[in-house]
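Use these hints to put chain S onto chain F, whose structure you have.
In case you want the letters, here they are:
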Amino acid sequence: MAKKVASTGNEAVANAMRIANPDVCGAYPITPATEIMQRFTSFVSNGKAKTEMVLAESEHSAMSACIGAAAAGGRVATATASQGLALMWEMLFIASGLRLPIVMGVANRALAAPLNIHGDHSDGMGARDCGWIHLYSENAQEAFDNMLMAFRIAEHMDIRLPVMVGLDGFITSHSIETMEYLDDETAAKFVGEYKAMKPLLDIKNPVSYGPLILTDMYMEYRKAHDEVMKKVPGVVLEIAAEYEKLTGRKYGLFETYRLEDAEIAVVVMSSAAGTTKDVVDAYRDKGVKVGLLKPRLFRPCPYEQLGAALKHCKAVAVMDRADCFGGSYGPLFQDIASALYTQPTKPVMINKIYGLGGRDYMPDQAEKTIDELIQIAKDGKVKSVKEYIGVRE
Amino acid sequence: MKTWKEVNPGAVVTEPGSARKFKTGSWRANKPKWIEENCIHCLLCWVYCPDMSIKVKDGKREAFDYDFCKGCGLCALECPGKKGQKAIVMEQEDK
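Taken in sequence, the protein lines are chains F and S.
Here my numbering is used: the first residue of the first sequence is 24, the next is one more, and so on.
Here my numbering is used: the first residue of the second sequence is 812, the next is one more, and so on.
Chain F with its partners taken away, still in its complex shape:
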C-alpha cells in the first residue's frame, strides 16, 4: 500500500526519473526545473540511479546529447523550462523526426521579454508543433504519474516519439503537496526494461541517423510521422488503464469534471483546473449546471473526443495561460474551436487569457467567467470573444 507523502512537483518528476533509471541524461539547469535535475543528480551521485550525466553548456547542447544517446540505443530523460525549452527548439524537431523516445519534464514558465520566471504555458505552447507528445499535469501527483506513463508511451514500439510532461512552474514545481508514490519495485516493473530500436551501437547491424531527405521523400516521412501521431491516443489510454489497475488513479486523454449534464463549461489546463473545480462545485451547489474539461494529452490533440465531450454545452469558456501574438485567440481556444468545428452542434465560445507570468488565478476570476457563461447561455450575446482577465485596465 502506497503511503501519502509531502512532495514538490519537481521532486515527483525526479523520483519518476530515478525509477525509470535512464542510461543517459543530458541536462542544463533552468528555473523552475532546476530542482528536478538537482534532485536527480543527487540520486545518481548516491547510486540510486545508474545514469550517465552529461552536463552540457546550453539546453541546445543538452537536447543534442539526449538525441545522440537515444540514437545510440539508451533510455534518455531530461528536464527544462522556458528559455531552455525555447533554446532547444531546433533540436526538438530532430528528436521527434528521428523518432527518439526521449522523456522530458517541463516546469512550464513564461518567456522573456520581459524576463519572468513564473508559471505560464508560453514555453509549452511554443513547442506545440515540434512533433513531440505533450502531457500536462494539474498537480505533483499527476506530474509523477504522467512521467512514469510517459516512458511507456514514448518507448511503445508502435510510437517511438519523445514526450514532454508539463507541470506549472512554481505553482506545481515548488509547492509541497500531498501525494502517493508508487513503490519502487512496482513502478520500475510498470516502466519496464528499455528496448532499443535500430541503435547506433549495434555494430553487427550498422545504421546511420540523420540523412538528407530531399523533395522526393520528405513528404513521405512527414506523413508517416502524422500517422504515428494518430496512434498515440489509443496507446495513451491503454497505458492509463494498466496504470489504473496498479494505483486506482484513472487517467484519460482529458479529464471531465461534472461535464456530462452541464449546460456551460470551462476548459482549463494544469494547476488552474484545481481552483476552477472548487468554483464549479460552489455553482453546482447553487443549481448551476456547470462543468469542466481539463486537457491532459495536448499533442496530439484528441480533436474528435474533445468535440464530442463539449458539443452538448450552450456556452464554453476556454482559459489560456499563454497568448498567440497573431492577433488571434489563445492556443487552447484555437484547438477547442477546431475540435468543435466538425460537431453538428456547438456551444458559443469565449476565450480568457489569465495568469500570465505567474499572475495569481483566483476563484473570483473563475466565478466571473462562469457568470458570463450563464448570461451567454441565456441570451447568446457575447461582449468580447477574447479577453484578458486579472489585468489592470
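The hints are simulated quantities; they were obtained by calculation from the structure and are not laboratory data.
Computed from a prediction, not measured in an experiment: that's the story for all the values here.
Note that the Cβ used here is the ideal one computed from N, Cα and C, for glycine as well.
Among these hints, one or two may not hold up.
[Said to hold, decoys possible] Under 7 Å between C-beta atoms, here's a sample of chain S residues computed to sit facing chain F:
1. W815
2. P820
3. G821
4. T825
[Unchecked claim] Calculated pairs, DSBU-like style, for lysine-lysine (alpha carbon to alpha carbon, straight line, at most 35 Å):
5. F/K369 with F/K337
6. F/K253 with S/K813
7. S/K866 with F/K221
8. F/K221 with S/K832
9. S/K816 with F/K221
10. F/K246 with S/K832
11. S/K832 with F/K218
12. S/K844 with S/K834
13. S/K813 with F/K218
14. F/K246 with S/K881
15. F/K268 with F/K254
16. S/K842 with S/K866
17. S/K844 with S/K816
18. F/K71 with F/K227
19. S/K866 with F/K227
20. S/K816 with F/K212
21. S/K834 with F/K246
22. S/K881 with F/K227
23. S/K832 with S/K813
24. F/K254 with S/K832
25. S/K834 with F/K221
26. F/K227 with S/K834
27. S/K816 with F/K227
28. F/K221 with S/K813
29. F/K253 with F/K409
30. F/K300 with F/K246
31. S/K832 with F/K253
32. S/K816 with F/K254
33. F/K246 with S/K868
34. F/K227 with S/K813
35. F/K227 with S/K842
36. S/K834 with S/K868
37. S/K881 with F/K221
38. F/K26 with F/K71
Only chain S this time, still in chain F's reference frame:
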C-alpha cells in the same frame, strides 16, 4: 519509390555504404580535368578530395570518379603539377 507506409521510422538508414547510390556528381558546375603528362603522382589530390573521387591504384593516380565529384576545385588548387604546369585544371561542366 517508397510510400509513406514503407519508409523506415526516423529515416534511419539500415544499409551500410548506401551513400554510394546517391550520385552527387550531378551537383557539379565546374569539372576538374586531369592532364596526365603533368602528373607526378604525389597524390595530394587524393589526400584533399572530400568525396573520395580520386581513384588510386598501386600508388598511381587514376581517372576522376565523376559520379561523386562535386567540382569543389580543391584538387586543382592543391595540385603542384610538373614544372609549373598543373595536372588538374577546372573547366565549366558543359564544355
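Pair hint outcome, S/K866 versus F/K227 [Cα-Cα no greater than 35 Å] = Holds, at about 29 Å.
If you draw a straight line from the CA of S/K832 to the CA of F/K218, is it 35 Å or shorter?
-> Holds. S/K832 to F/K218 sits at ~31 Å (cutoff 35 Å).
Could you grab the alpha-carbon distance between S/K816 and F/K254 and see if it respects the 35 Å cut-off?
-> It holds: about 14 Å lies between the C-alpha atoms, which stays within 35 Å.
Compare the distance between the alpha carbons of F/K227 and S/K834 with 35 Å, and conclude whether the hinted pair is satisfied.
-> The given pair, whose Cα atoms are some 26 Å apart, holds under the 35 Å limit.
Given hint S/K842 paired with F/K227 - CA-CA distance at most 35 Å | violated (39 Å)
Measure nothing beyond the straight line between the CA atoms of F/K246 and S/K832; if it is 35 Å or shorter, mark the hint as holding.
-> holds (25 Å)
So, S/T825 near chain F? Judge it on the closest CB pair being under 7 Å.
-> Interface hint status for S/T825: holds (5 Å vs cutoff 7 Å).
Residue hint S/P820, partner chain F, criterion CB-CB below 7 Å = holds (5 Å)
Keeping to a limit of 35 Å between CA atoms, is the pair of F/K253 and S/K813 held or broken?
-> Distance of about 21 Å is within 35 Å: holds.
Hinted contact S/G821 with chain F - closest CB pair below 7 Å = holds (4 Å)
CA of S/K816 to CA of F/K221, is that 35 Å or under?
-> holds (18 Å)
Restraint status (C-alpha distance of F/K71 to F/K227 at most 35 Å) | holds (32 Å)
Figure legend: structure checked against the earlier numbered hints; hints not met, in rising order: 17, 30, 33, 35.
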